[in-house]
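Asks: Chains as they are written, first to last, in full-length UniProt numbering: chain A, 1 to 428; chain B, 1 to 428.
Just so you know, these hints were derived from the structure itself, not from any lab. Since the model is a prediction, treat every value here as computed from it, not as a measurement. Be aware that one or more of the hints could be misleading.
Said to hold, decoys possible - Under the rule of at most 20 Å between Cα atoms (straight-line distance), these lysine to any residue pairs were calculated in the SDA-like manner:
1) Lys221(A) with Gly411(B)
2) Lys51(B) with Glu27(B)
3) Lys115(A) with Asn348(B)
4) Lys282(B) with Ala292(B)
5) Lys51(B) with Ile67(B)
6) Lys162(A) with Lys86(B)
7) Lys64(A) with Gly54(A)
8) Lys97(B) with Glu110(A)
9) Lys100(B) with Leu15(A)
10) Lys46(B) with Thr197(B)
11) Lys43(B) with Thr29(B)
12) Lys86(B) with Glu110(A)
13) Lys427(A) with Asn348(B)
14) Lys2(A) with Thr213(A)
15) Lys337(B) with Leu15(A)
16) Lys393(B) with Gln217(A)
17) Lys427(B) with Asn348(A)
18) Lys97(A) with Leu218(B)
19) Lys35(A) with Gly175(A)
20) Lys2(A) with Leu15(A)
21) Lys100(B) with Ala95(A)
22) Lys97(B) with Asn348(A)
23) Lys282(A) with Thr213(B)
24) Lys283(A) with Leu421(B)
25) Lys86(A) with Thr197(B)
26) Lys302(A) with Val74(A)
27) Lys221(A) with Leu421(B)
28) Lys79(B) with Glu408(A)
29) Lys86(A) with Lys115(B)
30) Lys115(B) with Asp99(A)
31) Lys86(A) with Gly147(A)
32) Lys296(B) with Gln413(A)
Protein chains: 2
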Amino acid sequence: MKLYNNPDKSSWLELLQRPTKSVEVIEATVDEIFKEVKEDGDKAIKKYTIKFDGVALETNLVSKAEIEQASKLVNEDLKEAIQLAKSNIEKFHSAQKTDKVFVETMAGVECWQEKRPIQKVGLYIPGGTAPLFSTVLMLVVPAQIAGCKEIVLCSPPNKEGKIANEILYAANLCGVTKIIKVGGIQAIAGLTFGTETIPQVYKIFGPGNQFVTVAKQLATKYGVAIDMPAGPSELLVMADESANAAYVASDLLSQAEHGSDSQVILVTTSQDFADSVSSEVKKQLAVLPREAMAEKAIANSKSIVVDSNATALELINAYGPEHFIVATTDNDFFVDKISNAGSVFIGNYTPESAGDYASGTNHTLPTNGFSKAYSGVNLDSFQKSMTFQKLSKEGILNLGNAIELMAEAEGLQAHKNAVTLRLSDLKK
Amino acid sequence: MKLYNNPDKSSWLELLQRPTKSVEVIEATVDEIFKEVKEDGDKAIKKYTIKFDGVALETNLVSKAEIEQASKLVNEDLKEAIQLAKSNIEKFHSAQKTDKVFVETMAGVECWQEKRPIQKVGLYIPGGTAPLFSTVLMLVVPAQIAGCKEIVLCSPPNKEGKIANEILYAANLCGVTKIIKVGGIQAIAGLTFGTETIPQVYKIFGPGNQFVTVAKQLATKYGVAIDMPAGPSELLVMADESANAAYVASDLLSQAEHGSDSQVILVTTSQDFADSVSSEVKKQLAVLPREAMAEKAIANSKSIVVDSNATALELINAYGPEHFIVATTDNDFFVDKISNAGSVFIGNYTPESAGDYASGTNHTLPTNGFSKAYSGVNLDSFQKSMTFQKLSKEGILNLGNAIELMAEAEGLQAHKNAVTLRLSDLKK
């Protein structure tokens, strides 16, 4: 870890900068595949599945038999763990339900706000060596609670044409409507336009590599909403001497193992503590199976010593971390005053992995400083808020004149007239 | 209005299609101005203000003296109307505040969700002949209630270097932090990168022409959030013979006067009613000052006769109108079952203009079918939801094993290790 001792505020911007990647090269590829999928539907999907996943599928719809077989192959302990996580995620996201907000703003002017489910959602689950079944729980559970009618899950097939057993088990457990073996750009294009087998959806969720990220961005141009823009995963730990250096090191490493572009930052008020964490990191790193990857990320990581909690807070808010662990003698100070963070982990016994898997909070969170403006995925991500209003005769009589004046001042005569007509009838 | 009598379902997609505009030509211009503003700051802003607004400003910051003078020039009746609208908007958006959502998902595992304000927001108010001060209310009021710290309003100067009195009055009344005379692409670029006088913000709100729309889209590429993608304004009225044809015509016309690309649709179960509305439209159109514009929009508008309320509902949900007026004998049916609409206006005495100005609901709403996935602007638009979790020793003991199993199955050994370390200490 690179150590920065009381860096001058003028250097913060550079110090906290995330690596930026140029995606312009990718954009042309994504554009081309989108056009082809729009034009040729499943034919194009098949072509790119052969090209990128190296497998020719007869059908890319996962059958009931496949799901049943997959479920049998997941071991019972893991099933119980998944069920426990699901139950916690359900409890936390169910609690996020809100009632209708009803206000009679003036006599006879009733206004209300209601949340209604997004009818069709597409969830993307990456493939690769490690099956990210935890993301299935994080996306399907709130989609179900929200009441989304069509929940389509796409995940790339492996060379044998299969999706990992754990993903199929979790998807089925949570009630996915349709599971489709399709990955990468072609999956996002399929969900955007719809094909013979892939339903067109209104919003696309889920993580992915930079191809998927650029494809999701392009999908928004075609009117499909996405959960949030994505970037490499991040963790910032704020800790002082009251924290446990070994725990902090283990948390930093758990972030670092996500990939060599992971962002890992320690902020502390104690130089000694920074040193202890640094040597703990070396010790633990040596025994990790993903050592090479984690080592690279740790090499890019930063240990920043600051003079006070106030300075630390300012720096953390300037960074806006995706994951923020706080283990200090004054956690309340940080919890109360943090403005920009995706999810906050408090105290010595709350590792980031708790939220990644099973505490109940969602692990789909804003990276890249997006926590300054974006929420992590939550129940509202699967709903939209709609407003309603109903004016009685009394209501329009109370409000009408103000509307007429404002419409006239904005030069919108027909807006005024819609009120005037009603008022003159009522005043007859 | 073009009449469609019981159109076959297979024709709906075409029938309900919005006109699509190619923005590719604009994109290059927007790109160029963004690059220049990023590079040259205020110098570039000044250059483009001269070019597009035809005025060279000494400073583009609106002074206190200017605000005071402008306020004196707004007439008292209009001020009262604006204050009434503000009060209703405040009541409705204040009621949208939510409490912390707290759940102990398992013994010792505390999770909660809180909403915190987006610290810096930029609001764009178009210039032009009609000063859209109502949009000032719709954006500043919820920003204030949310607790946004910096509320920057940008609006283009006229040839005399001024912003409309009503806009300055409303902005000051609602507590805008900073008002800047800058419009179009250069305003959005300034808010995206920050300049010597324009603060960089985290989220940009507000309507605008196609240049502003494309600029907002580009801003998202630089990590700035936006309220929603934009398109021409729309109204769909569902009415039967219980409705008042003159009122319905006045509502359709109030939408049509927004511009020749406005979308105006009547759905009805009665051919006779469709005919009455059509002749009422002709009658009212003749006396409108914006007749030419409204006439064009009305020429593109559609009157669709369907066989039942059920068919009507299906068609309306397929369209997903921005504004949806329902005036039938069974309004509850539509209110209960509408899935996709921005804002709903119920009954004979609730013209769209009520919500446009003063009922209390927000008038910044999803167009172009985006109501299928997007909310209109509401209090949440100015906040982000953050999650928190705190595990006690008991908590990690209860949850730890499930996390270990799941992390291991996902091949994330360091995630597991962060738990194992803590568990072994506790089990010592």
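Asks: Take the hints in turn and mark each one as holding or not.
Replies: Now for the hints, and whether the structure bears them out:
{"no.": "1", "hint": "Lys221(A) with Gly411(B)", "verdict": "violated, 35 Å"}
{"no.": "2", "hint": "Lys51(B) with Glu27(B)", "verdict": "holds, 18 Å"}
{"no.": "3", "hint": "Lys115(A) with Asn348(B)", "verdict": "violated, 25 Å"}
{"no.": "4", "hint": "Lys282(B) with Ala292(B)", "verdict": "holds, 12 Å"}
{"no.": "5", "hint": "Lys51(B) with Ile67(B)", "verdict": "violated, 25 Å"}
{"no.": "6", "hint": "Lys162(A) with Lys86(B)", "verdict": "violated, 58 Å"}
{"no.": "7", "hint": "Lys64(A) with Gly54(A)", "verdict": "violated, 24 Å"}
{"no.": "8", "hint": "Lys97(B) with Glu110(A)", "verdict": "holds, 18 Å"}
{"no.": "9", "hint": "Lys100(B) with Leu15(A)", "verdict": "violated, 33 Å"}
{"no.": "10", "hint": "Lys46(B) with Thr197(B)", "verdict": "holds, 11 Å"}
{"no.": "11", "hint": "Lys43(B) with Thr29(B)", "verdict": "holds, 17 Å"}
{"no.": "12", "hint": "Lys86(B) with Glu110(A)", "verdict": "holds, 16 Å"}
{"no.": "13", "hint": "Lys427(A) with Asn348(B)", "verdict": "holds, 15 Å"}
{"no.": "14", "hint": "Lys2(A) with Thr213(A)", "verdict": "violated, 29 Å"}
{"no.": "15", "hint": "Lys337(B) with Leu15(A)", "verdict": "violated, 52 Å"}
{"no.": "16", "hint": "Lys393(B) with Gln217(A)", "verdict": "violated, 42 Å"}
{"no.": "17", "hint": "Lys427(B) with Asn348(A)", "verdict": "holds, 15 Å"}
{"no.": "18", "hint": "Lys97(A) with Leu218(B)", "verdict": "violated, 33 Å"}
{"no.": "19", "hint": "Lys35(A) with Gly175(A)", "verdict": "violated, 32 Å"}
{"no.": "20", "hint": "Lys2(A) with Leu15(A)", "verdict": "holds, 11 Å"}
{"no.": "21", "hint": "Lys100(B) with Ala95(A)", "verdict": "holds, 10 Å"}
{"no.": "22", "hint": "Lys97(B) with Asn348(A)", "verdict": "violated, 32 Å"}
{"no.": "23", "hint": "Lys282(A) with Thr213(B)", "verdict": "violated, 50 Å"}
{"no.": "24", "hint": "Lys283(A) with Leu421(B)", "verdict": "holds, 13 Å"}
{"no.": "25", "hint": "Lys86(A) with Thr197(B)", "verdict": "violated, 50 Å"}
{"no.": "26", "hint": "Lys302(A) with Val74(A)", "verdict": "violated, 39 Å"}
{"no.": "27", "hint": "Lys221(A) with Leu421(B)", "verdict": "violated, 46 Å"}
{"no.": "28", "hint": "Lys79(B) with Glu408(A)", "verdict": "holds, 13 Å"}
{"no.": "29", "hint": "Lys86(A) with Lys115(B)", "verdict": "violated, 24 Å"}
{"no.": "30", "hint": "Lys115(B) with Asp99(A)", "verdict": "holds, 17 Å"}
{"no.": "31", "hint": "Lys86(A) with Gly147(A)", "verdict": "holds, 17 Å"}
{"no.": "32", "hint": "Lys296(B) with Gln413(A)", "verdict": "holds, 16 Å"}
Violated hints, in rising order: 1, 3, 5, 6, 7, 9, 14, 15, 16, 18, 19, 22, 23, 25, 26, 27, 29; the structure is consistent with all others.
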